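Engineer: Sequence:
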Amino acid sequence: GPLHFGSLVAAVASHADARHQHGTWLARIDDVDQTRCRPGAEEQILRALQTFGMQSDQAPISQSDRTSRYHEILEQLDRQGHVYLCGCSRKTIAAVANVGSEGPIYPGTCRSNPPEPKAAVAWRLSVNNDEIEFNDRVVGPISQNLATDIGDFVVRRIDGYSAYQLAVVVDDFDQGITDVVRGADLLWSTPRQIW
Numbered sequence: 001g002p003l004h005f006g007s008l009v010a011a012v013a014s015h016a017d018a019r020h021q022h023g024t025w026l027a028r029i030d031d032v033d034q035t036r037c038r039p040g041a042e043e044q045i046l047r048a049l050q051t052f053g054m055q056s057d058q059a060p061i062s063q064s065d066r067t068s069r070y071h072e073i074l075e076q077l078d079r080q081g082h083v084y085l086c087g088c089s090r091k092t093i094a095a096v097a098n099v100g101s102e103g104p105i106y107p108g109t110c111r112s113n114p115p116e117p118k119a120a121v122a123w124r125l126s127v128n129n130d131e132i133e134f135n136d137r138v139v140g141p142i143s144q145n146l147a148t149d150i151g152d153f154v155v156r157r158i159d160g161y162s163a164y165q166l167a168v169v170v171d172d173f174d175q176g177i178t179d180v181v182r183g184a185d186l187l188w189s190t191p192r193q194i195w
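Residue numbers (this note's numbering): 1 to 195.
Worth flagging that the hints you see were computed from the coordinates, not collected in a lab.
In silico EDC-like cross-links for lysine to aspartate or glutamate, where the CA-CA straight-line distance does not exceed 20 angstroms:
#: 1; residue 1: K118; residue 2: D78
#: 2; residue 1: K91; residue 2: D159
#: 3; residue 1: K91; residue 2: D149
#: 4; residue 1: K91; residue 2: E116
#: 5; residue 1: K91; residue 2: E102
#: 6; residue 1: K118; residue 2: D159
Note that this is a predicted model, so its numbers are computed, not measured.
Put together the whole structure using the sequences plus the hints.
Structural biologist: Following this line, the structure appears as structure tokens:
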């Protein structure tokens with residue numbers, strides 16, 4: 001939908017940071033979930049940014065135009081043995097999982113017990129017991145163990161859409177992103193994206 005206040009604050013901060021560092025500022029339309037997109041939202045967002053004096057230094061990309069790239073990366077992850085099919089529903093997971101800071105921790109059910117061949121499935125990325133660490137310039141040092149705090153996480157949803165966690169990483173890589181400025185609500189997505 002239209003640019004909301006939190007996204008505007010993140011945009012202002014990232015724009016100021018890029019200009020201060022003599023860097024390139026890029027706007028991207030994170031519309032990977034087409035079920036939630038409203039007609040005309042992309043134009044509204046870009047127009048609002050421009051109204052506040054921010055224009056992307058390169059033509060903005062839209063995730064909805066990059067589905068084949070996400071599929072290519074998913075196939076690569078599959079060939080390398082990093083992903084697996086999962087037929088677990090949220091209800092099933094909630095019934096057996098421990099609860100972490102972001103909800104139920106996926107217990108790895110389908111990693112060792114694959115779903116039936118014709119079942120509706122998502123794709124999950126396998127994690128290990130390593131600590132993922134990074135330094136946020138506002139919050140400071142952050143550390144998370146994905147295995148104990150999140151579990152294997154979805155990179156392609158049951159409805160066939162690529163998950164945000166996969167799409168943004170592929171986009172960041174392809175665009176050569178070096179610094180990410182985002183709202184605090186997405187801070188704890190960072191360890192998954194680093195992984």
